[in-house]
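Work out the full structure, taking the sequences as your base and the hints as a guide.
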Amino acid sequence: DAKTTQPNSMESNEEEPVHLPCNHSTISGTDYIHWYRQLPSQGPEYVIHGLTSNVNNRMASLAIAEDRKSSTLILHRATLRDAAVYYCIPLAMNTGFQKLVFGTGTRLLVSP
Amino acid sequence: SAVISQKPSRDICQRGTSLTIQCQVDSQVTMMFWYRQQPGQSLTLIATANQGSEATYESGFVIDKFPISRPNLTFSTLTVSNMSPEDSSIYLCSVQLSFYGYTFGSGTRLTVV
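Those protein sequence lines, which keep their order, are chains A and B.
Here the first sequence stands for residues 1 to 112, where the numbers follow our numbering.
Here the second sequence stands for residues 1001 to 1113, where the numbers follow our numbering.
In case anyone wonders, no lab produced these hints; they're calculated from the structure.
Just so it is clear, the structure is predicted and the values come from calculations on it, not from any experiment.
Don't be surprised by glycine CBs; every beta carbon is placed ideally from N, CA and C.
Don't take each hint at face value.
[Unchecked claim] Lysine-lysine pairs mimicking DSS-like chemistry, simulated, CA-CA at most 30 Å apart: (1) Lys1007(B) <-> Lys99(A); (2) Lys3(A) <-> Lys69(A); (3) Lys3(A) <-> Lys99(A); (4) Lys3(A) <-> Lys1065(B); (5) Lys69(A) <-> Lys99(A); (6) Lys1065(B) <-> Lys99(A); (7) Lys1065(B) <-> Lys1007(B).
[To be verified] From chain B, some residues computed to sit far from chain A (all C-beta separations above 12 Å): (8) Pro1067; (9) Ser1069; (10) Phe1075; (11) Asp1087.
Next up, the structure:
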């Protein structure tokens, strides 16, 4: 499994953009980069995933470095509800079932 | 996405006893995953449960301590046996419906006294 490095915590003010970095320098060429987040007292939930191109969805954007050794999850306008632990997880794309392996993640604190 | 119901949501148990946690999914799934989240820590995979076969355990977890049943495609149980205070954690089940479709239950918060 590819190792990931994320800052332990980050802080943001409400309605400001947040850039959450993830280093995954040992990622395989066929691994997708997935992001999950865990809100307080809940199980993790899917946020976004990508392979090479930048990706957008209703929750966030994912910017992937050209060499794929790092990526950045972007929350365009943080809300109090976005306070959570964010995990980046490399995941191979194949036909079998994959197990999610969680790193330490980044705890995002959002202030009013 | 799937909806997962976990029971109980929390429990306080005496050391030396066992607790069985139930995970019910609202759709049929092949694989179910069980995780442990120790206080202030990230999630650690305990085992993968495939219907009709024995669960596959990760390093550091054994069947005698964490027996798992998977009687059908919508249900699984995890038992935490002979509990000690070190077993106090949140236990979560998860399923994969698609490549990005991992869904988690809300977890069972276990305190062993």
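Hint numbers the structure violates, sorted upward?
-> none
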